[in-house]
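J.: Protein chains in written order, with UniProt numbering: chain A, 1 to 243; chain B, 1 to 199.
Quick caveat, the hints were computed from the structure, so don't treat them as lab data.
All residues carry an ideal CB built from backbone N, CA and C; glycine is no exception.
Possibly wrong hints are sitting among the right ones.
Said to hold, decoys possible - Just the calculated beta-carbon pair ranges, DEER-fashion:
#	chain 1	residue 1	chain 2	residue 2	range
1	B	Arg76	A	Val146	31 to 39 Å
2	B	Arg41	A	Ala110	51 to 59 Å
3	A	Ala145	B	Arg76	52 to 60 Å
4	A	Ala19	B	Asp11	25 to 33 Å
5	A	Gly17	B	Val39	20 to 28 Å
6	B	Ala190	A	Gly184	39 to 47 Å
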Amino acid sequence: MSYYRDEAVVLRAQKLGEADRIITLLTRHHGRVRAVAKGVRRTSSRFGARVEPFTVVDAQLHRGRNLDIVTQVEVLAPYGQVLVADYGLYTAGSAMLETAERFTEAEGEAATQQYLLLVGALRTLAAGGHDPALVLDAFLLRSLAVAGYAASFVDCARCGAAGPHRAFAVAHGGAVCPSCRPPGSAAPDPQTMQLLAALLSGDWGAADTSDPRCRREGSGLVAAYLQWHLERGIRSLRHVERV
Amino acid sequence: MYEGVVQDLIDELGRLPGVGPKSAQRIAFHLLQADPADVQRLAHVLTEVKTRVRFCEVCGNVAEEARCRVCRDPRRDVSVICVVEESKDVVAIERTREFRGRYHVLGGAISPMEGVGPDDLRMRELLSRLSDGEVQEVILATDPNLEGEATATYLARLLRPMGLRVTRLASGLPVGGDLEYADEVTLGRAFAGRRSLDA
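Could you put together the complete structure from these sequences and hints?
T.: Set out below in structure tokens:
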């Protein structure tokens, strides 16, 4: 079949030629897909507004030799309109899109869990009610877990000794006991470790009442842990507004 | 692979935006068959543009002198500044003959995924232009896409405390189009920005 239809989140839109764009989509069933959306930069385009980043769409695509072609698009959830009206939400959302793109580098390989995680995170971010930086950190930790890099914030990540433990070693996978602790490990505030565990498990009651200092420290640990596993940093993280 | 300078020309043309290997080859062979005077003129213009063209010290638009044509024109309204992403947007707005104020070219839009933040754009220069109290209104004319809207949101947050009138170009239905073909996002914006026809 040369045509296929799938739900997707628009991750990125890059200019192509005179009036086209290359759209990067994270689809529910077909993984990450790059497709050409023809003529969408013209003001007369019928679906230019539908293929903006953050938008959840129902798209029909035509398989191409190198890139697929977007033929029809319907909007399921226009999260971009809400996120772009608040700079803090926009920067946190951008970091989510970039992370999702990096965790689904093999094009066409189904990544349904990453898709569902991203849609849920964008919905939570757009709904408000939580600090955008907390929503971002929760998404990053869970994204890592889906990719097979779940961090431990209680038991020792190396020997499994019951926690809580004081030291945090990025290279070892999170909290480490005194006997496994490598030199140069971080020693975060115990409340920071509790916050990160709450974000990973979805305990928003505990996360929302956390101390701003712990949030900042936790964000630093999450960023370091993410960079370790992705090898390259997420460019958007530098621009995220944190309280 | 072609020999020597022909391949060099194809490689150089292929580095231009929107020019692929096939197009580069086609342009290269067009130049080979063209009148030598035409090719000389093209080479001359390419050299001239790099030596003579610079960016206006006031607004950041392309100019051949220290200040661009708009900034030198004493008839332009100094109380209104229109903020755009690129110099080509100045040309598009000038074609409308609707705007008589001055411009400020940011040099792009905020795009965290591309690593472009507020500090990478000419925002500090804009703030220093507004410090003398001469400007009363800032029109945010960044592109009506996600990066453009985010840039406008950021600038509005920065400028509102300065007591200026901050406006944004309207979004909505294209003139000459049919309502039924408008996408829901654009039509929604048109509704949100509807205006009264009362006298």
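J.: Compare the structure with each hint and give your call.
T.: The hints, checked one at a time:
{"no.": "1", "hint": "B:Arg76 / A:Val146: 31 to 39 Å", "verdict": "56 Å, violated"}
{"no.": "2", "hint": "B:Arg41 / A:Ala110: 51 to 59 Å", "verdict": "55 Å, holds"}
{"no.": "3", "hint": "A:Ala145 / B:Arg76: 52 to 60 Å", "verdict": "58 Å, holds"}
{"no.": "4", "hint": "A:Ala19 / B:Asp11: 25 to 33 Å", "verdict": "27 Å, holds"}
{"no.": "5", "hint": "A:Gly17 / B:Val39: 20 to 28 Å", "verdict": "25 Å, holds"}
{"no.": "6", "hint": "B:Ala190 / A:Gly184: 39 to 47 Å", "verdict": "58 Å, violated"}
The structure shown violates the earlier hints numbered 1 and 6.
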